[in-house]
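Sequences listed follow chains A and B, in order. The numbers in the first sequence follow full-length UniProt numbering, run straight up by one, and end at 175. The numbers in the second sequence follow full-length UniProt numbering, run straight up by one, and end at 175.
Rather than coming from a laboratory, the hints here were simulated on the basis of the structure. Treat the hints with caution; some may be incorrect.
Copies of one chain are not kept apart here, so a pair can be met inside one copy or by any two copies together.
[As the list claims (entries may be wrong)] Heads up, simulated EDC-like pairs for lysine to aspartate or glutamate below, C-alpha to C-alpha not over 20 Å straight-line: (1) 38 / 62; (2) 54 / 18; (3) 80 / 57; (4) 163 / 153; (5) 163 / 62.
Protein chains: 2
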Amino acid sequence: MSSSRTIVNDHYSFGPLDIPRSQVFAETPLSYGIVNLKPVVPGHVLVVTRRIIKRFESLTEDELVDVWTLAKKVGSALEKHHGATSLTYAIQDGPSAGQTIPHVHIHVLPRRDGDFENNDEVYDAVDASERAIGGGGERLNLDAERVIRTPEEMAAEAATIRKLLFNNGVNPNAR
Amino acid sequence: MSSSRTIVNDHYSFGPLDIPRSQVFAETPLSYGIVNLKPVVPGHVLVVTRRIIKRFESLTEDELVDVWTLAKKVGSALEKHHGATSLTYAIQDGPSAGQTIPHVHIHVLPRRDGDFENNDEVYDAVDASERAIGGGGERLNLDAERVIRTPEEMAAEAATIRKLLFNNGVNPNAR
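Just chain A, same shape as in the assembly:
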């Protein structure tokens, strides 16, 4: 399960978007973790497959293991780091499920009691966040509560998470 293999790409994509390396906080042979343009809770990040594939059913078994193993490690580390008590994991697998970027990605959200008045609202926020990335905007009803972040803020968060994973004994560049 573990190897010290390190992948260094000079290019990271999230669907049609280029993702700066500074925003990638972990990478494995088949996946990477990226910070979010509009996190809806502290530590809301995405874990994506390295290969640009639209639908979850197209993952190979190796990709499935890799992306979920990474998401699980990231979730555990972020939950502790943010003093949270639970996690939400969600995949919007296809446009009718709210997917706006045609590239498999797992939303990982550290959760704590009362972070949303009703638990339901976290998903409203996830959807709004996803629509913000995808360019749609008409239904951004929670937009006023959040701010689109600068590349510098996002790079800083990625650096923090990378360090955090290392400190928790997780090599962000290996599986």
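Keeping the supplied structure of chain A fixed, place chain B upon it in accordance with the hints.
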């Protein structure tokens, strides 16, 4: 990846609840798929780990592969069967994330355009459904729109899905 190994239990649990075998539509060495007391869309089912564990981080690598491989197969089969175009996958991992049954489970929901007025609402409904199972009820704001099903209805759906998986070349009793 495939084997013809068949597990036959005489007992299935979902947290503290006993699940009749008739409501189990697929099983693998480490997981099984069960129909839902209050599905929020046609084909809304749960995929659970055979071992009763509360948090996703406690899954072994074998369990993680097993439960997600099964969820992926079930999702693909149900999407086609229900004429859907997308899927929502969600894990409420811990009470603060809306988990009411302390047993890792993946919600799998076939989705189609317009099944909810806003995509967000599907999650409200998932949460309400989960609270119904867990016994909480104060916040069941969508309750009026759905009906708790009889054991017979649930067994019939499980039988349909089991057949469906077989017809799609997926052995519901093997991995």
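A quick look at each hint next to the structure:
1. When the C-alpha separation of residue 38 and residue 62 is checked against a cutoff of 20 Å, the pair qualifies neither within a copy, at 30 Å, nor between copies, at 34 Å.
2. With identical chains, the CA atoms of residue 54 and residue 18 are at most 20 Å apart within one copy only, with a shortest distance of 16 Å there and 37 Å across copies.
3. Taking the shortest alpha-carbon separations for residue 80 and residue 57, only the inter-copy value of 12 Å comes in at or below 20 Å, while the best intra-copy value is 31 Å.
4. Taking the shortest alpha-carbon separations for residue 163 and residue 153, only the intra-copy value of 16 Å comes in at or below 20 Å, while the best inter-copy value is 51 Å.
5. For the homomeric pair residue 163 and residue 62, neither the shortest alpha-carbon distance inside one copy (26 Å) nor that between copies (28 Å) is at most 20 Å.
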